[in-house]
Amino acid sequence: NAGVTQTPKFRILKIGQSMTLQCTQDMNHNYMYWYRQDPGMGLKLIYYSVGAGITDKGEVPNGYNVSRSTTEDFPLRLELAAPSQTSVYFCASSYVGEETQYFGPGTRLLVL
Amino acid sequence: EDKVVQSPLSLVVHEGDTVTLNCSYEVTNFRSLLWYKQEKKAPTFLFMLTSSGIEKKSGRLSSILDKKELFSILNITATQTGDSAVYLCAVINLRGGADGLTFGKGTHLIIQP
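Residue numbers (our numbering), protein chains in the order written: chain F, 1 to 112; chain E, 1001 to 1113.
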């Protein structure tokens, strides 16, 4: 198993550009999550999904969108990038009823 | 609003020392507390604690939860330079799933040779 994979590893965006952060897991986990981590801060939940076709907002959803068309994939979309979205983005997944979340390697995003 | 406070925020010790990291929390309908280790990349799971007073142990790392006083400690004995990392504490409330997970800011631990 590759576990949770994320692409790209690093990206620089100009203000107003859009991009999609990809996340895929091969563990057949129902739950998937997107977090952002700012320097010196803990992880903040952006969006989560409890299964294909179901998504919901987390703590900091503004400026982001997600979709979950398959169990494996959970892309995160930034429509109009802003400097405040400069952060490291982590995708995670877990089994239904299990609280241990498995994290991807992260995507470092810089918005200039 | 659920809250997780970790202390200290950073800690520098010498190899071989023992360290204790603290995590206190305020959460409605507590379900479990998790510890993660984060090196340069993604957090990796260490422990999940649900019951008060039961120590979880893995090698030189151990953790215990006090549900009455609303805190947990992570202990590392005979520290090594490879223990240098940010240690994250997170709690889950009884809503479960993703919406109930709250992280602390982490403790940045540096082990000097």
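Check each hint, because a few of them may be wrong.
What the hints assert, rightly or not - Cut-off 16 angstroms, straight-line C-alpha distance, at most; resulting in silico cross-link-like pairs (EDC-like, lysine to aspartate or glutamate):
1) E/1037 <-> E/1066
2) E/1105 <-> F/79
3) E/1003 <-> E/1039
4) E/1067 <-> E/1083
5) F/44 <-> F/56
6) E/1041 <-> F/38
7) F/14 <-> F/79
8) F/44 <-> E/1066
9) E/1040 <-> F/56
10) E/1037 <-> E/1026
11) E/1105 <-> E/1002
12) E/1040 <-> E/1069
13) E/1105 <-> E/1055
14) F/44 <-> E/1001
15) F/44 <-> F/26
16) E/1003 <-> F/79
17) E/1041 <-> E/1001
18) E/1067 <-> E/1039
Unchecked claim - The following residues of chain E were derived to be distant from chain F, with all beta-carbon distances above 10 angstroms:
19) 1007
20) 1053
21) 1105
If you are wondering where the hints come from, they were derived from the structure by calculation, not from laboratory data. Ideal Cβ placement from N, Cα and C applies to all residues, glycine included.
Cross-check of the supplied hints:
no.	hint	verdict
1	E/1037 <-> E/1066	violated (21 angstroms)
2	E/1105 <-> F/79	violated (28 angstroms)
3	E/1003 <-> E/1039	violated (23 angstroms)
4	E/1067 <-> E/1083	violated (27 angstroms)
5	F/44 <-> F/56	holds (14 angstroms)
6	E/1041 <-> F/38	holds (13 angstroms)
7	F/14 <-> F/79	holds (12 angstroms)
8	F/44 <-> E/1066	violated (25 angstroms)
9	E/1040 <-> F/56	violated (29 angstroms)
10	E/1037 <-> E/1026	violated (22 angstroms)
11	E/1105 <-> E/1002	holds (13 angstroms)
12	E/1040 <-> E/1069	violated (32 angstroms)
13	E/1105 <-> E/1055	violated (23 angstroms)
14	F/44 <-> E/1001	holds (13 angstroms)
15	F/44 <-> F/26	violated (24 angstroms)
16	E/1003 <-> F/79	violated (30 angstroms)
17	E/1041 <-> E/1001	violated (28 angstroms)
18	E/1067 <-> E/1039	violated (28 angstroms)
19	1007	holds (13 angstroms)
20	1053	holds (19 angstroms)
21	1105	violated (5 angstroms)
In summary, the numbered hints that this structure violates are 1, 2, 3, 4, 8, 9, 10, 12, 13, 15, 16, 17, 18 and 21.
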